[in-house]
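Chain by chain, the residues:
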Amino acid sequence: MSESSQPSPGILPHEEKLPPRLDLWIALVFFIAGVAILAVCLGMPTYREQQGEVYKAPGMVPGLYGCVIIALSLWLGTRAWRAGALDPAANPPRPPRVGYSNVRLALAAALCVAFAVGLVGRMPFWLAAAIFVLCFTALFEWQAGLPARERAKRLAAALAIGIGTGAAVSLVFERIFLVRLP
Amino acid sequence: MFDSLAQFGIAFAGFMNPGTIFNVLWATLLGIVIGALPGLTATMGVALMTTLTFTMPHQQAILVLVCIYVGAIYGGSRSAILLNIPGTPASACSTLDGFPLARQGLAGRAMGISTSGSWLGTLFGTLCVATLTPVLADLALSFQSYEFFWIAVFGIVIAGTLSGGDALKGYLAGFFGLWVSTIGQEPHYNFQRFAFGSNDLAGGIGLLPALVGAFGVAEVLQAMRAPAAKAVSSKIDSVIPRLSDVFQYWRTILRSGAIGTFIGILPGLGEDTAAWSSYAAARRGSKEKEKFGKGSIEGLMAAETGESACVPGAIIPVLTLAVPGSAPAAVLMAAMMIHDLNPGPMLMVQTPEFFYQIVAMLVIADMSKLFFGLTLVRPLLWILLVPRERLMPIVFVLCTVGAFAITSRIFDIYVMLFFGLIGFILRELKFPMAPMILGLVLGDLLENNLVRALVLSDGSIVPFFTRPMCSVLAAITIFSILWSVPAAQNRIRSVFRRLRPA
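Going down the list, the protein sequences come from chains H and U.
Okay, so the first sequence: first residue is 1 according to our numbering, each after it adds one.
Okay, so the second sequence: first residue is 1001 according to our numbering, each after it adds one.
Don't read these hints as lab results, they were simulated from the structure.
Check each hint, because a few of them may be wrong.
Just so you have them, the derived chain U footprint on chain H, three or more residues with Cβ under 8 Å [unchecked claim]:
no., stretch
1, 72-80
2, 88-102
Here are some chain U residues the structure puts well away from chain H; computed CB gaps all over 12 Å [unchecked claim]:
no., residue
3, Asp1138
4, Ser1181
5, Val1246
6, Tyr1356
7, Met1392
Among chain H residues calculated to face chain U with C-beta under 8 Å, some are [stated by the list, open to error]:
no., residue
8, Pro19
9, Ile37
10, Pro45
11, Tyr65
12, Pro124
13, Leu127
14, Arg180
Predicted model only: the values in this text are computed from it and were never measured.
Glycine is no exception: its CB is placed at the ideal position from the N, C-alpha and C atoms.
Take the sequences, apply the hints, and build the full model.
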């Protein structure tokens, strides 16, 4: 299912190299984040007027992290620049990964956000879960040109999985594990 | 010695009742299923079950989590052998020889090797937990804030350096995790850091919702984006492990067990690194190098033993230093904290019985894994064929329940969503996740000990470098950072080459 968990022999998914230009952008984002963290920390009180110790100042440790993030982002940026981040020849367009779909990704993300933000807390959890699972399964299993009978079968299966999930989650977690549901 | 054995016997006997055995069986089975299903990982399984078992008594809850962890790491090899898809990243190495064996009609034998290697690996690691933990805990009792500060920094740096890929991105992920851990009220003046007026942010970022997001939600998104896997049917012969395989490769088993446990002890590396390192070492030392990658029994045995020995290994630093050895161990540590078990050097002083219980839990989980390994083959094949379109929405519903369960805050569901997105983006940009998790987990340890040490030394940083253990940890940390700079690495190599006698 997940291609991400199928690395080439000897290579873990995060071990593949990215084009230097992308690394330069990543460095820029982290640099801005580091500067923002440092700026917020510098604005935090030090409590010196209350004879507080400077090492206990609320902004000291996160400020230190901000400085380290700035330093690391500069290191990453310099490395990317030296690797030819500004040279078009060193940054050929990446070939699309076969079988990967950003449409599927966007649809999955939208459905998840709609469930977590739009449904949860506004109706009984079992119903929210059932609606979400039904919509998710039905939309991803939808195929143009399927015979009506097959489509009805898939919808019925999605409905059964949705209601089954809602009922099972409520029963198992609320009654057996005594966990509060949203 | 005899006192320790008696304590272990008491702990073991304490678990021998029908209710506990029932919990062991379902939790191990669930762990194997989670591990076997591509897209679901051990970390996610442990994170989800942490939130769902927190109303249980602490021994039962931790036992369930240990069973899930042990089962999931083993379960990943099932899909690796039968489908050529690693169920968890840890079992990616098992596809190299497991799947070729299955294609040769030896799927049953491959699963037998996987079962025996995994069982022996966990047993070896558990023996190390039983023997090394008291020694390390004694040593850790002499540590002060200076040493704990360095242990936290060492953890982040070593996880970044050794977890594969770009070390620099590992450090960035680690410090990002450390920064996230500072969000919310700080301990000295109750000042709300990075809350921007939000009461929810002032309460801090919950570790478990963040972990459920980074591992659960991110994996749902990745699975839905990737192409669907095609199942490859394999004929299954006998799955009963052959004793001859175990005796023939006893050196490989011992070597892989030792490597797996050692990598487990190092902060944040985890089972995938253990499997690859054990595999590489077995290949170097093998008389049948040419068979590796084409269905080598020795290769599969090494990978399985290494990754399974890493599980108990990763628990050793949790019990002694409150530093997790892998991502699932980080969640296990969080679960111990939720149950007021105070992992770290004081654990052996305050609740020594819990140490013996952990050893007993690992043995019980290992035996349960062996039982399912011998019996559960065909039902698991059916589960492996569940389409992701039906599985992933259920996983997301469970993630939502898991994120909400501990504090009953809707805000935690938003935290889960946010970290799901961050986790997905960081993975796409080739950031290793282990350092970020370590940063989140070790944030409090690092901050508290840094501040305490500076107050004790009146602002002097000299003790951070002159105390014996500090100087060792500082040297290793600085060496690790230098090692990730190519120019410095070349210089170090040339120095070593010059020092080597001709």
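Going down the list of hints, with the structure as the test:
| no. | hint | result |
| --- | --- | --- |
| 1 | 72-80 | holds (count 5) |
| 2 | 88-102 | holds (count 5) |
| 3 | Asp1138 | holds (30 Å) |
| 4 | Ser1181 | violated (9 Å) |
| 5 | Val1246 | holds (26 Å) |
| 6 | Tyr1356 | holds (27 Å) |
| 7 | Met1392 | violated (7 Å) |
| 8 | Pro19 | violated (11 Å) |
| 9 | Ile37 | holds (6 Å) |
| 10 | Pro45 | holds (7 Å) |
| 11 | Tyr65 | holds (5 Å) |
| 12 | Pro124 | violated (13 Å) |
| 13 | Leu127 | violated (12 Å) |
| 14 | Arg180 | holds (5 Å) |
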